[in-house]
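Make the complex out of the two chains shown on their own, each in a separate frame, by following the hints.
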Amino acid sequence: MAKEKGGAVGASRHISWSYREGKKTEGVPWGPHNLPLSLDLAGVSIVVEKNEHGFLYRRNSSGGSVEKAIMGDKGSFYFNPVEPLHVPAGISTQLLVEFDRPVVVEPRASKEILVTFPLELACVIDRRRAGKHVLDIFSFCRSKFTLYGNVRNGLVCKYWKSAVYASRPPVNPLEKGILKIEIQNSLGRWSEVHRVVLSAFGMKIYYGPDLVSLNAAIKINSDLNAETNFTDRPLQSGMLKALEQFSSKLLSQQGRTVMEEGY
Amino acid sequence: MFEWLDHTVYSNVTWFDLIVAVLIYFAALLASKILTLQLRRRFKDKINKENLELLAKALSYGIMIIAIVWILPTIGIEPSGLIVAGGIVALAIGFAGQSIIGNLISGIFLMGERPIKIGDLVEISGNLGFVEDIHIISTSIRTLEGNFIRIPNETVFSSSITNYTSTPVRRFEYVVGIRYADDAVKAIQVIKDIINAHPLALVNPAPHVYVENLGDNSVDIMVRIWSPSTEWFGVKMELLWKIKTAIEEAGIEIPFPQRVVWFGAEEENNGRAVSP
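Top line first, the protein sequences correspond to chains E and B. Residues 1 to 263 (this note's numbering) make up the first sequence, in order. Residues 1 to 276 (this note's numbering) make up the second sequence, in order.
Quick caveat, the hints were computed from the structure, so don't treat them as lab data. Among these hints, one or two may not hold up.
To be verified - Straight-line Cα separation of at most 20 Å, EDC-like style, residue types lysine to aspartate or glutamate; simulated pairs:
#1 Lys144(E) to Glu238(B)
#2 Lys144(E) to Asp193(B)
#3 Lys144(E) to Glu231(B)
#4 Lys180(E) to Asp136(E)
#5 Lys161(E) to Asp182(B)
#6 Lys242(B) to Asp182(B)
#7 Lys241(E) to Glu175(E)
#8 Lys180(E) to Glu112(E)
Said to hold, decoys possible - These stretches of chain B come out as covered by chain E in the derived footprint (C-beta under 8 Å, 3 or more residues):
#9 164 to 174
#10 197 to 210
Please read these numbers as outputs of a predicted model, since none were measured by experiment. By construction, the Cβ of each residue, glycine as well, lies at the ideal position given by its N, Cα and C atoms.
Isolated chain B (complex conformation) (with noise of 0.2 Å):
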């Protein structure tokens, strides 16, 4: 009945062979469908969709690159001649495009580690900005001058990377110097109730407000402040003045650095011993 299997169609190839080629062509359309689908179901929120969809239609092909290289020798085509010619084509490549290749290597990892996203402040490399785009090949950040910074992905994975907003909440700190004359528990509880009147000065992590050192010049006063992620420059900058301004109108001063020289003349005019 199946006989009609044996019979060559051409040179040495028979329908059989023909039938397995077709059955292995759709079976690997069927797998790369699969694949693909379920590849852009797990990373739909990891990657942004214009690079999913690069990965997709690379696995896409790749799988029926070797789908068609199987398939080659059954339907009596030689590929060990086009796997050389393409082996050699590759390695020219390889050599021409080193850098592009690393770049893409690396943008596929960055992808699947996540270090950053976009609208994060980051800083790669010394360069401080928020990202605008994650590409397969580059990723641009815009500083906070406003300017577009485009930096190679082999970069950006290789270098150490400091993301500001990759968490909900921030730590700022800042020193107040106060004199020695002044009530250090009174001034405390000036930036305390600074801090509690300021809303996103957070109730947890509680701020901290504590004498840190006892300085030449001033007691200082270290204040330790949690703000969110996103707003904790501007709470910084406006706590700051307030503070300043709060302490003055308690009628404690900051003061500037001061030293108090002693000439010999004015020590006897004193009647002090002058100390070596």
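Okay, chain E solo, but in the shape it has when bound (with noise of 0.2 Å):
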């Protein structure tokens, strides 16, 4: 549950936040934060403190911990979910979800699944001219990876598993995101879907206080190809729009991959 401490201003505030399946829970907090901070978000501790250069940020846990120098004095604090391609970096720019079951769709049919992503988030410092920076990335997720093709020229993916769920299921949203992934189906005959490859860039991430979502689509051209693309909408209203870290100038790349080696 949030609990903020003190609350003047310039005095360093302390919140904590934890997540119990099942529990309903407080809203994430998301921010924009005063500095200087400090966060407990489950088992992650987050302190901005003031020094005479500026602020000191760091990160602890027990994955390791991340300190950075701010240089400057002022500027609010946030986070925010990205896309979850930054941990460990530079190794992939598509998300590989696979599903626990097969999903069979009926030919020239539209249906609709969710399934949950996983998250990163960037905790981002932001002062009204100068914009934002994002000082840090982490996930409580697990980072696995995957080849999707064949050794000779296929695709190294970042690789989840998620059940398959009709309705939202209850997720912590620190750790996973909704994904309603629509299934089109243009084929005059039954397909069956075992998973998705999703692009870094163009994916349209919004956050709200108990949720993180993420709506995409799967269109089945043939036995062995499909392509996937995301829809600009939140799961519900009042979602804000995510940072986006992966942007693309060309139109055509945006969110689109396509999936030649089966889906």
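This is how it looks when you write it as structure tokens:
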């Protein structure tokens, strides 16, 4: 539960947030927060403290710690879910979500399913004129990678296995998001979908106090070929658009992935 | 109306000849522009910019030289003398620059075939390193020790090339020996858990862990893991130590090679028969 201590302008505030499955939790303290502050997010401690240069950012968790000196005397701080392809950096720009059981779709039909996807969280410092700067990105989920396609010219993708849901499952909004997938079977026969490959470019993530969401579609073109893309729409009203770290200047590359090695 | 075209301008050259010569020149100019444009478009992603410009210029000059050789008789200049002189010069240059020409042609073939590209980790004629640049005459690589090696393209073209990063993933393997007294099934499970916990040990292609050999001193467990080609070395180094530590923590030992020697006197003292 979120607790705020202090509150005087300029004084350090402490916010603590935890998640218990099955229990209604208070919303994630996404921010913006005034500096300095300290946060305890389900075992991850984030402290931004004032020093003689400006501020010192520190994140401590069981996985390690990060420290950054911020040379500036003003700014606000907030969290933002970002495309889950930064940790570890530079390995892949594709997310492969494998379903725990295949989804069979009737001929020439369009069906919707819900699955989960891993979240990565960006710690951002923001100043009105200077703009936003990402200080750090971390995740509560374990990273794992896989190959989509063949060894000769396949795609290295971030791997995530999810159960398939018909309605929204309870999830820790700092750990997992809800991915709605519209499966469009354009074939005149039944199609079985095992996985989707999604591009980091053009991912439209939305966040609210207790939910992070993403909307995608997969169009089945043939037995081995399908195409995925994103819909720029939140899962429920009142959600805010997350910061986009992957952006492509080419409109044709925005969010589109052709799956040529099965789905 | 067009009788003036047959009027002689000088020696046997008429106005018609001059107009034909000008038309051929401009047609060649247009053809060279179109062909170089097509060349730049088609090979934009395959050949680096400097080399592509060089090829485009060579094509453009080649077309213009052919056009000029074609025009010369039309405007009353006999090129046979020039061709003979040019041929002799070309022959001399050819002998002198045999290796340069060989490297140049190899460079052009390499650019077309593209067995390597800048940034790849390759092994060419015993030199292991990252490709720094591919020029029209030579290819430069930076070895893992940081040395810079320039290899003539003829050598690159004629030798076998191992490209370690041309595929997105790469497999590596270890053989982990355990004592005969240890539980191999447990050891396999410990190793699998370590692999599963590592983000860059790929889910697919799946890792394989199995007993491969019953050796003289140990039960040998084969561990095969795939990881992204760009990361494989770090993953290989990291996982080896993690596996060693984990199996030791599980009470499983990696045995040293050992041989038990029984002396005759000891055997008699122990009341055993000494077999020959």
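Assess, step by step, whether the Cα of Lys144(E) is no farther than 20 Å from the Cα of Glu238(B), and give holds or violated.
16 Å, holds
Given the hint that Lys144(E) pairs with Glu231(B), test it: the Cα-Cα distance must not exceed 20 Å.
Holds. Lys144(E) to Glu231(B) sits at ~13 Å (cutoff 20 Å).
Does the structure keep Lys242(B) and Asp182(B) at a Cα separation of 20 Å or less?
19 Å, holds
Starting from Lys241(E), check that the Cα of Glu175(E) is at most 20 Å away, please.
The hint holds at about 18 Å.
Does the segment 197 to 210 of chain B contain three or more residues whose Cβ lies closer than 8 Å to a Cβ of chain E?
Held - the segment 197 to 210 of chain B has 7 residues with a Cβ nearer than 8 Å to chain E, which meets the minimum of three.
Using a Cβ cutoff of 8 Å, are there at least 3 residues of the segment 164 to 174 of chain B near chain E, or does the coverage claim fail?
Result for this restraint: holds, n = 3.
Just to be careful, I want the Cα atoms of Lys161(E) and Asp182(B) compared with a cutoff of 20 Å; is the pair within it?
34 Å, violated
Has the given pair, Lys180(E) with Asp136(E), been kept, meaning a C-alpha gap of at most 20 Å?
Judged against 20 Å, a Cα distance of about 27 Å means the pair is violated.
So if I understand the rule, the pair passes when the alpha-carbon distance is 20 Å or less; does Lys144(E) with Asp193(B) pass?
Judged against 20 Å, a Cα distance of about 13 Å means the pair holds.
Hinted pair Lys180(E) and Glu112(E), Cα distance within 20 Å
Distance ~7 Å between Lys180(E) and Glu112(E) Cα, so the pair holds.
Against the hints set out earlier in the document, violations occur for numbers 4, 5.
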